Every structure is written in structure tokens, then in C-alpha cells.
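Q: The primary structure of each chain is shown beneath.
2 protein chains.
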Amino acid sequence: MTGEERQERSSLVFSTSVRPPRLSAEQYVKGVLENSRSVLAQAITLVESNSPQHMKLAQDVLKQLLPHTGRSIRVGITGVPGAGKSTFIEALGTMLCERGHRVAVLAVDPSSPVTRGSILGDKTRMEQLSRNPRAFIRPSATGGTLGGVNRKTRETILLCEAAGFDVILVETVGVGQSETTVRSMVDFFLLMMLTGGGDELQGIKKGVIEIADALLINKADGENKQRAMVAKAEYNRVLHYLQPATAGWQTQAYTCSALTGEGIAEIWGVVENFRDELTRSGGLAARRQAQSRDWLMSMTEDYLRSRFFGHSGVASKLPEVEAAVLRGELSATAAAQLLIETYEQKRDESEWGE
Amino acid sequence: MTGEERQERSSLVFSTSVRPPRLSAEQYVKGVLENSRSVLAQAITLVESNSPQHMKLAQDVLKQLLPHTGRSIRVGITGVPGAGKSTFIEALGTMLCERGHRVAVLAVDPSSPVTRGSILGDKTRMEQLSRNPRAFIRPSATGGTLGGVNRKTRETILLCEAAGFDVILVETVGVGQSETTVRSMVDFFLLMMLTGGGDELQGIKKGVIEIADALLINKADGENKQRAMVAKAEYNRVLHYLQPATAGWQTQAYTCSALTGEGIAEIWGVVENFRDELTRSGGLAARRQAQSRDWLMSMTEDYLRSRFFGHSGVASKLPEVEAAVLRGELSATAAAQLLIETYEQKRDESEWGE
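Just so you know, the sequences run in chain order Y and U.
Going by our numbering, the first residue of the first sequence is number 8, and it counts up by one from there.
Going by our numbering, the first residue of the second sequence is number 8, and it counts up by one from there.
The set of hints was computed from the structure by calculation and includes no laboratory data.
Take the hints with a grain of salt, since some may be wrong.
Below 25 Å or equal to it, Euclidean Cα-Cα: the simulated SDA-like pairs (lysine to any residue) are [what the hints assert, rightly or not]:
id : chain 1 : residue 1 : chain 2 : residue 2
1  : Y       : 324       : U       : 298
2  : U       : 70        : Y       : 63
3  : Y       : 239       : U       : 237
4  : U       : 70        : U       : 31
5  : U       : 63        : U       : 237
6  : Y       : 63        : Y       : 34
Here the structure is a predicted model, which is why all the values come from computation and not from measurement.
Excised from the complex, chain Y in its bound form:
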């Protein structure tokens, strides 16, 4: 984990926002289960708060709602800038609503503080879908730490499921580690691409293609359609050599046009096949259990990290110690020992053996 990520994640447990919750736990629970949009929106605001009393109330609400969660297909969507994620989500979400699904669209965007609005804040981006009574579009969780966005988005998914949404689409703008974060909370991860051969793959962050359950080449319309078919074939050749993101599932490339709607039904068919096959094999349940376990561990470690690096003695020593290691004057082992002894505020040899 890089220093930047650690910094991002270690501040998980800190916050400044303290707004008094408007409802009681029972009111939140009742309202969410009755799919009251205003209560759902308030409940999401509650889980997005990091203030101690809000967190306690939020956990009380979540505990009561947990039995009503998990009955949705969770789909993560990412893509290179200009791949047309929002027009695709608009087209897909509208089709799913027409089919009787109830669709929640969430966004993960650690880069956009809520004050600056968020990637989904601008409703005009999904005008049609945002007016659909069967759809719920929630702007990105408060920007800032990815760890915070992680928790908030996961708990928002649970709230939406409890409110009866059976399709959850989680969009990421691909900032920082957001793809990995979204991959860790969804069943199916979709990577949207553009045509132009393999070259724009260079524009995709390292490792992202390896965590995708499907590659979708959008804008396969007009004179671009032929190029899209060529790109699809090239991507499939590459995918043949990579380990699939999901055991027992071969990631493949597909084309669509959010403009004409061509291929939208087909890609959703792929998601449904994925869900059916992995439900049969038990892979889906196993993935969700592993996700919960890993999330529990990462939250615990975020906390330990923030406690350690927030320790005044450690914080003041770290720069000089790190510099000494980089100058080759101190071994990393001795440096770690030094920081730990500072943290423990004692020189206890037994820390280092049994």
C-alpha cells in the first residue's frame, strides 16, 4: 500500500460534520422498508456522517435492516474518460426499469467534496433516469478519504437493498484506488472502453483490466462500429491470456451503443448469466462472504494505522526516521523498531520476540 493510499485510508475514522439526526432509528427503519425516498435519502446522509452519535444511530438502523439486504445484483461500472459511462447507465437503467426492476445508481468519487457537488450531482447527466419513479440516483459519497467513501458506499448499498432496489449500479470515476474499492463491494465489475485498438488500454490504470468481469466497448455505432468490432477481437485475444477476475467465469469483450441502444440488452444478459452461474456454483455467496471478511479486516487496520500514525510521538519522529532510511543510515527494521518503541513509549525487548 502506498503512502498516499495509507493516508487516504487511515483517516477513515475521522470527521468534522455533526448534524443532528432528524429521525429515530425506528423511523429510519420503517421509512426505508416502505421505500420512502426522503427517508432513504436521510438514512444515507446518516451513514455518511462520521460523528460518534450519528455512527451509533446509523449502526442501530443498519442492524435492523440487515435481514432485508443482499437481494440485489451489485454491478460496478468504470471506464476511461469519454467512454460514455453516464449515457450507458442512463440507457441501461431505463431499460431495467421498463423490465420492472428497481434500480439504484450510486457513485464513488473520492475526488469531489460534496460542496463541489459530485459526478452524479448534475442531474442533467441522467435526466431521463433521474425522473423515473423506479430509479434512485444518489450523488457520490462525500469526497475525502477512500476508506470513508468505502464504508459509506457499502452501507448505502445495504440501505438501497432494504428499500427494495434489486439492481445496484455503482459508478466509479477511476480516481485513486476507486476501482479496487468498488470491485471489493460488487458482484460484477464492468470496464467500459473505447475503440482505437489496444492503444487506449494504456490509458487504463494498471491492473484494472484484470479485475473486470466484462469489457464493454461503447459507441459502437455509425462509422465507428467496424472499429469497435476489431477492438473487441483484440481485447478478447488479450483476455485469453489473463487470469479471469472471477474463478469459473471467462471475462470477454462486448460492444454496445448507448446512443442506439444496440447491445444494451445483450450486456445485461451477460450480467444475468454471471449471476445465475455463480449462484449455482456458490461462487457469488463465497465472494460476498470474503468481501465482508476483508472489509471488516481493512476497517480494523485503517483504525490501527490512523491511531499509530496519528500518535504525536510517531508523527514527529516519522519524517527524520524515514529520511534516515532513505539515506541508507538506518535499516528499515531498526526504523520500524524505533517508531514502535516511540508508540509504546517504552523499550520492551519482548515486543521483538517470544
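Knowing the structure of chain Y, use the given hints to seat chain U on it.
A: Okay, now just chain U, sitting in the frame of chain Y:
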């Protein structure tokens, strides 16, 4: 990080072996700098010990040797079983010795307790090289935790450099996370492959091809040579689509025959080009600094993890808490909070906000 890795790494700081060190710090330092093999071997045994007094002495020795370290090219070597790693290392190492280099061969094998011997323990695997006075072959660090192997191998590299070895070859048997561990301590990472098209790529662990600076198809001799050339072309087509493991360096596929020696000089030429180009660009220095920084952080986090999960209250609560999360009765956030409160042995709301 998966539970398994965490388990592996979190026990970094524990040990039971306590053997009295035979020499003083000054004797270790003097002997290593004079390239006394027996002292070097004893110094490596010292850094491999986790007993408190040994670690203190080892760190004292390392501190004095640090100014004499870093002047080698560190090459990691991994590959699918049967790729012929040891015959390749024998051929490469022998050639380098003939060229006047001094070659240290280390192994990372968390799976082999020293009692069972190690992957390099069986000298017959590198008979010729092991008899070469310019070569030093060190069996794998004591099996067990990868975190421990990580520290021991890194410090063994430093000792070998202080003893004047200018080529360090670190072999990994590809167990657990060992490729990533080795990648994090070497300059150049070599992945050995076999012919047979892309199919045996499926045999390579996820992500390993993405961290390689070169793919080497061994056994390109006799009737296999043509197949090797075909495989090389296929791999290069795939590599074109992947982000290079090292910025500013294009990972490519090469062929060789450890049997006939064909291609051995060429692949070393690739390593030398890599070192020259990245020395010029500053990328090599930057990588080594980032490796030291990340190592310092990961050792610190290993320690925090081992303290937390070793805490009697946490250890006894963890199974039930984890089970409750997996049954969907407890949110991961509430579960983490519960474990942390157990660890802190208090219910301090301020832990959860500011």
C-alpha cells in the same frame, strides 16, 4: 490483503529460536567486509533469528554495514514449475562469474521449514555454481511467515552486498505471495515461462506477468525451438496491451536454452540495459527508495496487526464477531467497532470521530 496473507505477515515479530551469537558486532562487520564466507553465513543466520538479543546485535551489525550496501544489481527470478529456474541460474551465474562478477543466489520459500531443507539446500541442484569460488548460494530463509522471510531476505541481500557480491539473484518458488515479496526487494524481475502458446499462462498466478520486467522462455532448443519462437511472439502481443511493470521500460519476451547456453548472454544484456537506462533516468534510485519506504511501513503495520490480533480479548471475540458478520447479523462497521473497543478495553466514542 487476504486473511491468509495477514496471518502470514502478522506473525512477523514472533519467534522461538534462541541460539547464542558466536561473534561480536565488530567481528561480524570485519568478517563480512573481508568476504569471509563462514562469517557471512553466520551473519545471515544472525539476521534470520528473531530472538530479541539477536535482533539487536543484527541491527547493530547492519547499521555498520549499510554504507557498504546497495552496489549490486538485484534480480528476482520466478517461473512456472518445470521452467528450469535452477538450471538457468546455474548457467547464468557461471557465465557471470567467468565475467568477473561475484554472484550471490538467495531463495525465498515460505513453504519450506529449514528442518525440511530448502529449495536450494540440495546443492546438487546447482552443483557447478555452488563449487565456484566467486558464487555464494544461500538456502531459503527459514520457512514460516512471509513477513519474516521478507525481512530476512532483504537483510541477507544487504549482507551479501557488504561482502562484495555485485549480482544478487533472488529465486522464488512462487508460493503464496512470494513473487510480490521478491518484486518489492529487487531492481529487475524475471518471469520464466515454457512454450505451449498462452495456455500455460493460466498456470501463472494472477498478476505475476504484470510485475515482470522480462518474460524468458527457457528450453528453446532442439525441436522445441520453433514453438518457443511462436510463444515469444504471442507473449509480446499480450505485453503490448499491459502496463509495463516499470515506468519507462517495455517488458518483452525472450527465449533461451539453459542447456545449450543460447540466449543466456542476451537476457543478461537486457538486465544491463535496464540498469543503465533506469540509472540514467533516476528510476532505479526512486524504486529503491520507494521499496525502503514501503518496507518500513509494512513492517510497522505487520507489528500493529500482530499486536491487535494477538490481543487475548480480540483473539477470543474475533471468531464469533466474524461469524455474525458472515451471517448478516452484524455490519462490518459495527463489528470493527466491537473489536476495537475490546482492544482499547473501553467504550470511547471519541475513537469514532473528532
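Q: Now tell me if each hint is right for this structure.
A: The hints, checked one at a time:
no. : hint          : result
1   : Y:324 x U:298 : 20 Å, holds
2   : U:70 x Y:63   : 49 Å, violated
3   : Y:239 x U:237 : 23 Å, holds
4   : U:70 x U:31   : 14 Å, holds
5   : U:63 x U:237  : 53 Å, violated
6   : Y:63 x Y:34   : 15 Å, holds
Violation of the numbered hints given earlier is confined to hints 2 and 5; the remaining hints are satisfied by the structure.
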